[in-house]
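Colleague: Between the sequences and the hints, there should be enough to build the whole structure, so can you do that?
The listed protein sequences derive, respectively, from chains E and L.
Numbers given in the numbering used here equal positions in the first sequence, counted from 1, plus 37.
Numbers given in the numbering used here equal positions in the second sequence, counted from 1, plus 231.
Quick caveat, the hints were computed from the structure, so don't treat them as lab data.
All of these numbers come straight from a predicted model, not from anything done at the bench.
Everything hinted at is true.
Lysine-lysine pairs mimicking DSS-like chemistry, simulated, CA-CA at most 27 Å apart:
1) K315(L) to K300(L)
2) K304(L) to K374(L)
3) K543(L) to K213(E)
4) K304(L) to K315(L)
5) K374(L) to K314(L)
6) K412(L) to K251(L)
7) K213(E) to K374(L)
8) K543(L) to K210(E)
9) K340(L) to K412(L)
10) K272(L) to K300(L)
11) K543(L) to K222(E)
12) K314(L) to K300(L)
13) K314(L) to K304(L)
14) K163(E) to K412(L)
15) K374(L) to K315(L)
16) K210(E) to K222(E)
17) K224(E) to K543(L)
18) K272(L) to K304(L)
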Amino acid sequence: MMANFQDYVFYAFAAILLGAGLRVITARNPVHAALYLVLAFFTAAGIWLLLEAEFLAIALVLVYVGAVMVLFLFVVMMLDINLDKLREGFWEALPVALPVAVLMALEMALVLGSRHFGPERVATPKPHPADYSNTAELGRQLYTDYVYPFELAAVILLVAIVAAIALTLRRRKDTKYIDPAQQVKVKRSDRLKIVHMPAEKPTPPTAEGDRT
Amino acid sequence: MAELQAMFGASWPLVWNLAKIVAIVAPLMVVVAYLTLAERKVIGYIQARIGPNRVGYHGVLQPVADGLKLLFKEIVLPTAASKKLFLFAPVLALAPALAAWAVVPFSAKLVLANIDASLLYIMAVTSMGVYGVIVAGWASNSKYAFLGSLRSAAQIVSYEIAMGFALVGVLMAANSLNLVKIVEAQAGGFWHWYFIPLFPLFLVYLISGVAETNRAPFDVAEGESEIVAGFHVEYSGMAFAVFFLAEYANMILVSALTSLMFLGGWLSPLPFLPDGTGWMFAKMAGVLFLFLWFRATFPRYRYDQIMRLGWKVFIPITLVWIIVIGALMQTPLGVLFH
Chain E
38 MMANFQDYVF YAFAAILLGA GLRVITARNP VHAALYLVLA FFTAAGIWLL
88 LEAEFLAIAL VLVYVGAVMV LFLFVVMMLD INLDKLREGF WEALPVALPV
138 AVLMALEMAL VLGSRHFGPE RVATPKPHPA DYSNTAELGR QLYTDYVYPF
188 ELAAVILLVA IVAAIALTLR RRKDTKYIDP AQQVKVKRSD RLKIVHMPAE
238 KPTPPTAEGD RT
Chain L
232 MAELQAMFGA SWPLVWNLAK IVAIVAPLMV VVAYLTLAER KVIGYIQARI
282 GPNRVGYHGV LQPVADGLKL LFKEIVLPTA ASKKLFLFAP VLALAPALAA
332 WAVVPFSAKL VLANIDASLL YIMAVTSMGV YGVIVAGWAS NSKYAFLGSL
382 RSAAQIVSYE IAMGFALVGV LMAANSLNLV KIVEAQAGGF WHWYFIPLFP
432 LFLVYLISGV AETNRAPFDV AEGESEIVAG FHVEYSGMAF AVFFLAEYAN
482 MILVSALTSL MFLGGWLSPL PFLPDGTGWM FAKMAGVLFL FLWFRATFPR
532 YRYDQIMRLG WKVFIPITLV WIIVIGALMQ TPLGVLFH
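Modeller: Written out as structure tokens, the structure reads:
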């Protein structure tokens, strides 16, 4: 049935991914949860590599593991989270949360069931030689066939960036910020005044000695 | 070779690749060891001192002595530390620094894995090195270590953007993400190397490389005068040595990438001289010397100055230069890149 090496790799990665995903929601310490999320992203990238989606897999590591999760950890590490307080509402929320969770699981089972996504439905992609450039192909598609959706997504992201900065930007009055250009422009005469003083002549010692 | 192949049978590709990995990592570790000696000697002479000269002839055995000493030191586990993560952090720091070497070519043929998106792979793998620093700082459960790791995280994330944009310029010019193809696009004498048409990006990359490796003058993550030793203040013995190894392996990696992408890799500077791996090593040594020279020359940057340099100076420079490259490639001047 399955003797292919790639199948074993897939199942190993899938098992790690599920385990890591489970630990993200069960880990008591938020920092541990965030680190498990990093592991989940990394393993997902491995599964994408098996699908020959090299560019997406590497971009996932670069963007999510290398940047997003670093900032996420940054925030989580500095928060002082009270675990007991977080757990307080658990039993009250359960009657609502449980049906929602079951419903979501059912919906996913319907959509992702083998009837539509089974191996016989989706043809195995043609294997490409090692020098096939996945990145160039993706770029060509993105900037020709899908150029309008791509540009739209870019504009929406730009709006989000501007909005986030506008919401959080505040100018403090007590800041001690100094403009570096002004610092560089400082001349000696702004800070230092040279005063000319006549040199003092030492008085020659007298024959009596200066013991007085 | 055929007998060896017969001996291992089906496991031959595995054995052969492992042998290649050892052939890269073992010399790398020796170079790391002697880079520490070179650093102390170079900085010594720059400051009119001699540097280590007691162990062996002119101090050549100093790295061995240092290594042995660290090996025999006790690894102290702080009681309040998160033990597993505390011990795992050095691994997280060293593993990406070594994994990135898998795709670094030493000549047109001499490369462990000649994958199509090797440049992207290196960026992705090196971006994971920051976890070693962050996890070390957090797991130590010490304020100094924690401050160091926060500084480092902010700094590395900021400079990675400038670094990435500098590489975008290179891949636009070379029309490829493959390091072998990037070097081959620079063939034909040193005036074809990318440091000339991409000079601003070359500077940005080199300086961001210094910042990414947490080296002076960007070493606020260690900042002895303020936070003792930063993220690795609680580490001792070999656990500390692994962080040390990772830092120096990263320095060598950045110097290798600089020479591959901007200085023509293994290509000789004059067309009538033969190409060879020796050129690449010479270029790497030159870049490494710059690293040491910077450390001996510049005082440490203030934290807000680092952030300003990264976000307000380097990122705009790279963005402007990417547009310049794109525009130039549409004009007759596009030959600059080929």
